[in-house]
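**Student:** Got chain A sorted already, so can you dock chain B onto it with the hints?
Residue-level listing of the chains:
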Amino acid sequence: MADEDETKEYRWESGYEKTWEAIKEDDDGLLESNVADLVARAKRKRAALKDTGAIQLGMMRHLFVVVDASACMFLQDLKPTRFLCVLKLLEVFVHEFFDLNPISQLGILTTKMKRSEQITVLAGNQKKHIEALQQLKDLSCEGEPSLQNSLERAMNGLKNMPAYSSREILVLFGSLTTCDPGDIQKTIKSLKDNNIRVSIIGLAAEVRICQEIAKKTGGTYNVLIDDHHLKELILNQVQPPAVAGSMEASLVKMGFPGASPIVNDGTSDSSADHAPAYCLCHIESETSSLMGPNGYNCPQCGSRYCELPVECKQCGLTLVSAPHLARSYHHLFPIKPFIERAQVRETTHCFACAKLFVEAETNVYECENCNQIVCLDCDLFIRETLHTCPGCASDPVTAQMKTN
Amino acid sequence: MMNRIFDSLIAFGNAHLMQASHNKLAIIACNSKSTKFLYPSMDGTSRSYHNRPGQYDMFAKVDSDVRHGLGELILNDMTDNDSTKSDSLLGGAMARALSYIHRVQRELSLSHQLKPRVLVVSGSCDSALQYMTFMNVFFTAQKENVVIDCCMMDTDSGLLQQGCDITGGQYLHIPSVAGLLEYLLWVFLPSPSCRSKIVLPPPTKVDYRAACFCHHKLVDIGWVCSVCLSIFCKFSIMCTTCNTEFKLNRPAIVPAKSKKRARIE
Numbered sequence: 001m002a003d004e005d006e007t008k009e010y011r012w013e014s015g016y017e018k019t020w021e022a023i024k025e026d027d028d029g030l031l032e033s034n035v036a037d038l039v040a041r042a043k044r045k046r047a048a049l050k051d052t053g054a055i056q057l058g059m060m061r062h063l064f065v066v067v068d069a070s071a072c073m074f075l076q077d078l079k080p081t082r083f084l085c086v087l088k089l090l091e092v093f094v095h096e097f098f099d100l101n102p103i104s105q106l107g108i109l110t111t112k113m114k115r116s117e118q119i120t121v122l123a124g125n126q127k128k129h130i131e132a133l134q135q136l137k138d139l140s141c142e143g144e145p146s147l148q149n150s151l152e153r154a155m156n157g158l159k160n161m162p163a164y165s166s167r168e169i170l171v172l173f174g175s176l177t178t179c180d181p182g183d184i185q186k187t188i189k190s191l192k193d194n195n196i197r198v199s200i201i202g203l204a205a206e207v208r209i210c211q212e213i214a215k216k217t218g219g220t221y222n223v224l225i226d227d228h229h230l231k232e233l234i235l236n237q238v239q240p241p242a243v244a245g246s247m248e249a250s251l252v253k254m255g256f257p258g259a260s261p262i263v264n265d266g267t268s269d270s271s272a273d274h275a276p277a278y279c280l281c282h283i284e285s286e287t288s289s290l291m292g293p294n295g296y297n298c299p300q301c302g303s304r305y306c307e308l309p310v311e312c313k314q315c316g317l318t319l320v321s322a323p324h325l326a327r328s329y330h331h332l333f334p335i336k337p338f339i340e341r342a343q344v345r346e347t348t349h350c351f352a353c354a355k356l357f358v359e360a361e362t363n364v365y366e367c368e369n370c371n372q373i374v375c376l377d378c379d380l381f382i383r384e385t386l387h388t389c390p391g392c393a394s395d396p397v398t399a400q401m402k403t404n
Numbered sequence: 405m406m407n408r409i410f411d412s413l414i415a416f417g418n419a420h421l422m423q424a425s426h427n428k429l430a431i432i433a434c435n436s437k438s439t440k441f442l443y444p445s446m447d448g449t450s451r452s453y454h455n456r457p458g459q460y461d462m463f464a465k466v467d468s469d470v471r472h473g474l475g476e477l478i479l480n481d482m483t484d485n486d487s488t489k490s491d492s493l494l495g496g497a498m499a500r501a502l503s504y505i506h507r508v509q510r511e512l513s514l515s516h517q518l519k520p521r522v523l524v525v526s527g528s529c530d531s532a533l534q535y536m537t538f539m540n541v542f543f544t545a546q547k548e549n550v551v552i553d554c555c556m557m558d559t560d561s562g563l564l565q566q567g568c569d570i571t572g573g574q575y576l577h578i579p580s581v582a583g584l585l586e587y588l589l590w591v592f593l594p595s596p597s598c599r600s601k602i603v604l605p606p607p608t609k610v611d612y613r614a615a616c617f618c619h620h621k622l623v624d625i626g627w628v629c630s631v632c633l634s635i636f637c638k639f640s641i642m643c644t645t646c647n648t649e650f651k652l653n654r655p656a657i658v659p660a661k662s663k664k665r666a667r668i669e
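Going down the list, the sequences are from chains A and B. When we follow my numbering, the leftmost residue of the first sequence carries the number 1, and every step to the right adds one. When we follow my numbering, the leftmost residue of the second sequence carries the number 405, and every step to the right adds one.
So that you can see chain A by itself, here it is in the shape it has in the complex (with noise of 0.2 angstroms):
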């Protein structure tokens, strides 16, 4: 939507696409099979459009949600009302902004009656935000937002973060209008100079100012069609994004605790390890403190959490377990898109599931390295859950990992 600005045409000049036409029925006078060729093709355009090779992705994350909770959020064009609509969702988006970026740190703002509120500040620990979204139902919306407080009050939160990690902000911005106590012009600029990237997801219309906020930090504008549009619109933010102009990189001391009891090369854990100690994590809640043996230690100063990943508030380390660094590793290495090709009567079944090809299907798909057929249902599990293509990892050639 970004660049329609200058060649958008008038509908009455024919600029929009007539998608009734498409739609065409077969010798049976069904419907069905056309429809789900047409939702399978356009799975795979988008699919295909965001697989843009081996790019730098910003994997520590640093966002922070601002939640509108102005007096228009109580209108009802999304059920229930919007504001319950939107947190609904943000549930579902914080849930998998954790699943997909274990070391990400998220926090939440709201903004209504001219002000900026702080809900949670910048934490991994997903249950908190959970936790606070929903207590957050029973707010009510009044006033009007301001988009400059917000910023800048997420901005005073990011400015002390690493330089290494990327840094962004996620407005949900339900209003027309913002009132603000400057000139944005010089918050948009101060954006611009800690490399803050904006995105905004417009509830209503389309607002120019904010265009122009998310074009200037290189963040994305979208406004929503209807709820399905709008958990789409929220779950795209949930990929890392690449990495917009030059991002410091540098080594960043992690610690990795949980070694088992009895290690290999000799040294067995000493017994105050597993001892039943007081975590850390539930230390200031009074009523929830937790003492057991289980639970990890952290290697630099011997303090207990219950989970992880989590940053050590005694000595500052950031405690993670290999698989959590692994689950971004995919986007490292990944996958060629498939070719598609027209049915051969050699390959009868799909390669990754084992199903008969039929005559109705037409194309089925071919992977460049190991040249294994697979059907259109495996391409997209392949490419959205699996991204490993199964023809290369059975391959001995094409199995072993490309590492130095």
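Hints are computed from structural coordinates only; laboratory data are not their basis. Certain hints may be false.
[Claimed, not checked] Simulated crosslink set (EDC-like; lysine to aspartate or glutamate; CA at most 16 angstroms straight-line):
#: 1; chain 1: A; residue 1: K114; chain 2: A; residue 2: D227
#: 2; chain 1: A; residue 1: K192; chain 2: A; residue 2: E142
#: 3; chain 1: A; residue 1: K253; chain 2: B; residue 2: D624
#: 4; chain 1: A; residue 1: K79; chain 2: A; residue 2: D227
#: 5; chain 1: B; residue 1: K437; chain 2: B; residue 2: D491
#: 6; chain 1: A; residue 1: K114; chain 2: A; residue 2: E96
#: 7; chain 1: B; residue 1: K547; chain 2: A; residue 2: E384
#: 8; chain 1: B; residue 1: K547; chain 2: A; residue 2: E144
#: 9; chain 1: A; residue 1: K189; chain 2: A; residue 2: E152
#: 10; chain 1: B; residue 1: K547; chain 2: A; residue 2: E96
#: 11; chain 1: B; residue 1: K547; chain 2: B; residue 2: D569
#: 12; chain 1: A; residue 1: K336; chain 2: A; residue 2: E307
[Unchecked claim] Every beta carbon over 12 angstroms from chain B, so not counted as near; a handful from chain A, in silico:
#: 13; residue: Q76
#: 14; residue: N156
#: 15; residue: L308
Please read all numbers here as calculations on a predicted model, not as lab measurements. The beta carbon of each residue, even a glycine, is placed where N, CA and C say it ideally should be.
**Tutor:** Using the frame of chain A, we list chain B on its own:
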């Protein structure tokens, strides 16, 4: 010895099919050269299988398909004199298994949901070069709610231990291969939902430490490249995986001018 292992596996497969009429079975074999679907067979030729009188037809089919498939796989391995050495292609076999599960779930109607699980019976040690494939498979299984169990003969495999832990499955290292069938029927035949009511071998403590990319040694505290997330045991100037240079976080050197001024004053 191998015959006894195959007999045990076929008996286990048939025992699973016997539990309920809607149970489904698929068997995939792999060696260092290829992976193959043993059952359901992808051959397409309907082989005539002789079943003993009174034997359920499906059991006879499983038996004959598996034996035939294994025979072909072993013959292919022996005749192929390719010199490429590789570890056992377990990752590829698991990837195909997950695709098969995904397909079968799509084909069934919504009322008949499967509770899928994968049992890996292996004797090979870990292959560090297939790490990516294994991790992708484990995360996919976690997302699709597939439980991965593992029955290891001979050696232990740290990667498969991690996989069983991630997906909530059972990992077992068998002390003697002669009792394979007994272990399979005892530990792995019950479905995950009723495992909480049965006394099973205790879970092993999984070593989640990462191995550094330079020496493949396990590290407690490591240095992680912020671009490609590869792990190193020592601080270095450049990342070997993605070739990015790192900024050294040193304090700024005091310029010479101010030193002169201090001396004069």
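**Student:** Against this structure, judge whether each hint is valid.
**Tutor:** Tested hints:
1. A:K114 to A:D227: violated, 27 angstroms
2. A:K192 to A:E142: violated, 30 angstroms
3. A:K253 to B:D624: It holds: about 11 angstroms lies between the C-alpha atoms, which stays within 16 angstroms.
4. A:K79 to A:D227: Given that 16 angstroms is the threshold and the Cα spacing comes to 9 angstroms, the pair holds.
5. B:K437 to B:D491: Judged against 16 angstroms, a Cα distance of about 9 angstroms means the pair holds.
6. A:K114 to A:E96: Violated, at roughly 31 angstroms.
7. B:K547 to A:E384: holds, 12 angstroms
8. B:K547 to A:E144: violated, 41 angstroms
9. A:K189 to A:E152: holds, 11 angstroms
10. B:K547 to A:E96: The hint holds at about 11 angstroms.
11. B:K547 to B:D569: holds, 14 angstroms
12. A:K336 to A:E307: violated, 36 angstroms
13. Q76: holds, 31 angstroms
14. N156: Given a closest Cβ separation of 23 angstroms, the condition holds.
15. L308: At roughly 8 angstroms from the nearest Cβ of chain B, L308 (chain A) sits no farther out than 12 angstroms, so the non-interface label is violated.
In this structure, the hints that do not hold are numbers 1, 2, 6, 8, 12, 15, in rising order.
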